[in-house]
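So the protein sequences, as listed, match chains A and B.
Mapping of the first sequence onto this note's numbering: residues 4 to 325, in sequence order.
Mapping of the second sequence onto this note's numbering: residues 80 to 482, in sequence order.
No lab work stands behind these hints, which were simulated from the structure alone.
It is possible that some hints are incorrect.
For each label pair, taking beta carbons as the anchor points, the in silico distance ranges come out as [stated by the list, open to error]:
#1 A:I228 to B:S427: 52 to 62 Å
#2 A:K71 to B:G123: 57 to 67 Å
#3 B:D356 to A:G21: 21 to 31 Å
Backbone N, C-alpha and C fix where the C-beta goes; we use that ideal spot for every residue, glycine too.
Residues per chain, in single letters:
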Amino acid sequence: MKLIVSSPPHWHEDVDEGKLHFNIILALLPAVIFAVIIYGIHAARIITLSITTAVISEFLIRKLFRKKDTILDGSAIIIGILFAMLLSPSTPYWMVIVGSFLCIFIGREIFGGLGCNPLNPVLVGWAITRIAWPAYFDLNLVTVNYIKGENFRYPLTLLKKGGAEFISDLSLTDLLFRQVGSIGAAAILLLFLGGLFLLWRKVITWEIPLSFTIGILFMSFIFWIGNNELYANPLFHLLTGSVILGIFFLSTEYASSPFNRWGMVVFGLGCGMLTIILRAWSNYPDGIVFAIIIMNLFTPLLDKIKKKPKSIKVSYMERGLP
Amino acid sequence: MKKVNKLLLNGNETKIMDAPEPQEILLPLKDFDMEKEKLKIKEGTRIITGEQIIPGFYSTVTGTLKNIESLLIKDKTFTALRIEVSEEDEFDPNITQEADFMEKDPEEILKKLNRANLGFCKQFDKINIVIVSAVDTEPLVTVNQQILRENKEIVSEGLKLIKHLTQAKKIILAVPEYLYNLGTEVAGDLADVFFVKPYYPNGLPEILTQNIGSKYDIGNSLFLKIEKLIASVFAIKEGKPFISKVISISGNNGVENYRVRIGTLLKELLKDIDIKDNEKVIVGGPLKGFACYDTEFPIGEDIDCVYVQKADEVVHKKNRQCINCGKCVRVCPVNLDVNLISRFAEFSIFEKCEELEVTACFECGLCAYYCPSDRSLVQFLHFAKKEIEKIKEAENIEGEVNQ
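Excised from the complex, chain A in its bound form (with noise of 0.2 Å):
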């Protein structure tokens, strides 16, 4: 009779990195399947694009480095399809393989793998051809070959353009369901329900969705009642651009956000303020990935509000006990 032995505990939660990463991507399909019916093929190209380049290179380089594949846990697969829903419909294909693949490795490889990277691999990625190739990134320009019909203008193009006065005319329904943009940013509804699915499958934790949420709706709050003429109200800043994508998905990566529950508030109001300071007096029309990539610096250090590891100390009223 041969026993197995082995440490404590001898049971285990029935969770793994894989069933964290398939829910994740379960809650992102909706949203991709919406994005295909809206801006047709080329939508199903870039996303089928993106997520082949981030798998195919996460293999190669893990290859090189002589380090364990790790492809079948699906965090590439989410990369790619983060990486592409914050692309306009129009980018060309070259870009698209060369973000994935900056995405897997600068933001993730060279620092080790999965669960090494100090900031959100898809945002590196994103925030490197951002600043390298803006045109591809200006939404109100390049989506007008795509979306039929008058309100066919990125609104927060329009919000810095022309102030509160030019958003005027976009109705909460624009918003919800008619709202330009890049691929994932359209369907808001569908990525509210993919982040509460999240919640709900204890993927992610209601800390930061919750204070994003608060510091956005705060510090537009603040722009707005300084001055309602220049700067939109807050339900404007909270529906448009990659709002929703960020709170629920982008900003709750494991690795590059805080995990303590008083550090994840911090960290999630110090998201949602930065991005409307960012849209408010930036250059760029959306702020939030810049505002998250920042937060994701201070992380180590958010880390540490946390209580003080205590020892209990028990007297036990007899001998013998360990």
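Chain A is already provided as a structure; the job is to place chain B on it using the hints.
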């Protein structure tokens, strides 16, 4: 599919049955060094129940000493006595009863109790609170609550005895929430009742002390399991030594409670259960327990549970790369940075582990239970603690040499 919360403590009523008397037992001697001290008894000596073998250590059966051997339990080696059990129990006449214990001096009672193998501390000094726990420590264990259910009348007497013995200001009886009525009924005005939510770590002594400490001024406290409370009443009123222990056995037919002689070997206890290759025999619960390499393992007085895990339930840890999800940090009851400590331990940077106060860990096992990367975090933390201990020992020796 119905969702099962594995960490819910088992609230089912399971009757305590008597296990068959063992053929032979193995008694590991605690705090005994074979090289420094000498055993007075030799092989072939007849030993009776309750007889003193070394100071503070008593036999739990009547029989003849067959062999003196060494036994490895967890990471310590013990000198163990193998005793062949004879049919009739003969009790040591030195163990005497005391019907009206309230009149006697506490010290005298304590001596009597310790003579009956209860093994309490030598003396009690300005005790503020005594915590009597009827909460089970782990999900598969139903020992303590069942003892509370079956000994309703004796508990109040035991509470009186403990109060008299320790001269404590307050006694707190901790019971799980589903025993609300029973708890209040039994405690009466002798003790305060503390209700515990029936989830896993809440039953552990450390967590109980902490939770009670947030409600009461705990000061100098003592922790006692209800089993010892009942046993001390039997010892003082009827002169019965503490020789058998209730344990929960989880095998083929769910959880079963048995009253087992201390020192019984696992192979005798589990002879009805067909143990195959690649299965685990776990002593002490699924989360804090110890996986035996052999069924030649004696039941000690601190063991509540024996769990035979089938081959398809065995968890094989993969130890993949940490993904920094932070779940371990959030569940840790003593707020350790488990993710950092485990990696420092993995790469043998023990100074950092000490800085992060790894010594506060009491190995509840929650971090490794939740880890999505299947890392054996408890093992890393345990390893770091042991290494730090060794480093400190070495430093002490070095300091002595230098002086």
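Evaluation of the provided hints:
For the hinted restraint 52 to 62 Å between I228 (chain A) and S427 (chain B), the CB-CB distance of approximately 57 Å keeps it satisfied. The hinted window of 57 to 67 Å between K71 (chain A) and G123 (chain B) holds, with their beta carbons roughly 59 Å apart. Between D356 (chain B) and G21 (chain A) the Cβ separation comes to about 29 Å, which falls inside the hinted range of 21 to 31 Å.
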